[in-house]
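Asker: In case it helps, the working numbering puts the sequence shown at residues 2 to 298.
Among the clues, some could well be false.
What the hints assert, rightly or not - Here are the simulated lysine-lysine pairs, BS3-like style, with alpha carbons at most 25 Å apart:
1. Lys-35 - Lys-70
2. Lys-191 - Lys-222
3. Lys-167 - Lys-191
4. Lys-175 - Lys-222
5. Lys-182 - Lys-167
6. Lys-288 - Lys-116
7. Lys-222 - Lys-183
8. Lys-57 - Lys-6
9. Lys-222 - Lys-182
10. Lys-167 - Lys-183
11. Lys-175 - Lys-191
As the list claims (entries may be wrong) - Using C-beta positions, here's what the derived DEER-type ranges look like:
12. Gly-188 - Leu-76: 44 to 52 Å
13. Glu-154 - Glu-127: 16 to 24 Å
14. Ser-18 - Gln-68: 16 to 24 Å
Keep in mind that the hints were calculated from the coordinates and are not lab data.
All of these numbers come straight from a predicted model, not from anything done at the bench.
Ideal Cβ positions, reconstructed from N, Cα and C, are used throughout, including at glycine.
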Amino acid sequence: MNTIKLRYFVEVARYGSFSEAARRLYTAQPNLSKQIAQMEQELGFALFPRSRRSVKLTPAGQFLYDQIKDLPDRLDDVFEQARSLARKGEGTLSIGVLEGQDVNQVLSDRLSQVKAIYPQLQITLERNSYQNLRSGLRSGHYDLIITLSFDVEDEADFHLFTLYEKSPAIAMYKTHPLASKKALTLGDLKDENFVVISRQESPGGYQRLVDSCAAEGFAPKIVREPRSLESLLLCVEMGVGISLLDQNTRLELSPYIVTIPQHAPPMAVVAVISRSDQRPVIQNVVKLLSSQNSAEL
2 MNTIKLRYFV
12 EVARYGSFSE
22 AARRLYTAQP
32 NLSKQIAQME
42 QELGFALFPR
52 SRRSVKLTPA
62 GQFLYDQIKD
72 LPDRLDDVFE
82 QARSLARKGE
92 GTLSIGVLEG
102 QDVNQVLSDR
112 LSQVKAIYPQ
122 LQITLERNSY
132 QNLRSGLRSG
142 HYDLIITLSF
152 DVEDEADFHL
162 FTLYEKSPAI
172 AMYKTHPLAS
182 KKALTLGDLK
192 DENFVVISRQ
202 ESPGGYQRLV
212 DSCAAEGFAP
222 KIVREPRSLE
232 SLLLCVEMGV
242 GISLLDQNTR
252 LELSPYIVTI
262 PQHAPPMAVV
272 AVISRSDQRP
282 VIQNVVKLLS
292 SQNSAEL
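Go ahead and model the full structure; you've got the sequences and the hints to work with.
Answerer: Structure representation (structure tokens):
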């Protein structure tokens, strides 16, 4: 018995389908079926009755699933937290950065100051999505994340440090009929198609668009809810719809996109750590990252 077989069993039971479980696990269905068969042999009882119509659990299989359905994910978290503890003793710092954000020069300049003060500190950087950054900070995969404030400001276990702020902007394809208007507001777009990050990926990001449009007296016509910021940016680049974004995305540099700043509460880029992480080095790093004057940017 191993954790791979346990995860395979849980996924088949969860989705009631060998093919769907294989797709989500990125493995071939014959391999999945083989692992389940080996697990049944090791246990000495059947987990799934053999039927071509549907995949259901035997009574014994149902009992086992109810007892261990959260175990594979819990083990992943336990292993990641153990790795985090090991890193903390090795002088390393793992930083997660929101995908699509043009913060490379800012990070480079400020992290160079960190390296000057902590020359032995090994720093690793990784791009990721809103949701993966939040879960990665909780599990200990990241020591620090850099994201937008609206996505984490309601997280009681997180401590936020503002790096800098910029006003939001309307982003649209350059051939859009309204793209030439320099004083465009959200109110001018009440009949247009919008793309917004999915509410599952970033509840705060989704709600910000809805609230901003409501303040202008209309509900946005949302035609696409991408699960990642990169996919959202691609939708704007392909002319699928308009979006309300911060002015730090790579679209600011795109020759195919027009961005029009809005007179609205700014979007803050923040460094985030866990409130339970009291290591002096982490506390000092976030203070260094957030100590610069935003006017210099």
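Asker: Determine for every hint whether it applies to the structure shown.
Answerer: The hints, checked one at a time:
{"no.": "1", "hint": "Lys-35 - Lys-70", "verdict": "holds (20 Å)"}
{"no.": "2", "hint": "Lys-191 - Lys-222", "verdict": "holds (8 Å)"}
{"no.": "3", "hint": "Lys-167 - Lys-191", "verdict": "holds (24 Å)"}
{"no.": "4", "hint": "Lys-175 - Lys-222", "verdict": "holds (20 Å)"}
{"no.": "5", "hint": "Lys-182 - Lys-167", "verdict": "holds (21 Å)"}
{"no.": "6", "hint": "Lys-288 - Lys-116", "verdict": "holds (14 Å)"}
{"no.": "7", "hint": "Lys-222 - Lys-183", "verdict": "holds (22 Å)"}
{"no.": "8", "hint": "Lys-57 - Lys-6", "verdict": "holds (17 Å)"}
{"no.": "9", "hint": "Lys-222 - Lys-182", "verdict": "holds (21 Å)"}
{"no.": "10", "hint": "Lys-167 - Lys-183", "verdict": "holds (18 Å)"}
{"no.": "11", "hint": "Lys-175 - Lys-191", "verdict": "holds (19 Å)"}
{"no.": "12", "hint": "Gly-188 - Leu-76: 44 to 52 Å", "verdict": "holds (51 Å)"}
{"no.": "13", "hint": "Glu-154 - Glu-127: 16 to 24 Å", "verdict": "holds (22 Å)"}
{"no.": "14", "hint": "Ser-18 - Gln-68: 16 to 24 Å", "verdict": "holds (22 Å)"}
Comparing the model with each earlier hint shows no violations; every hint is respected.
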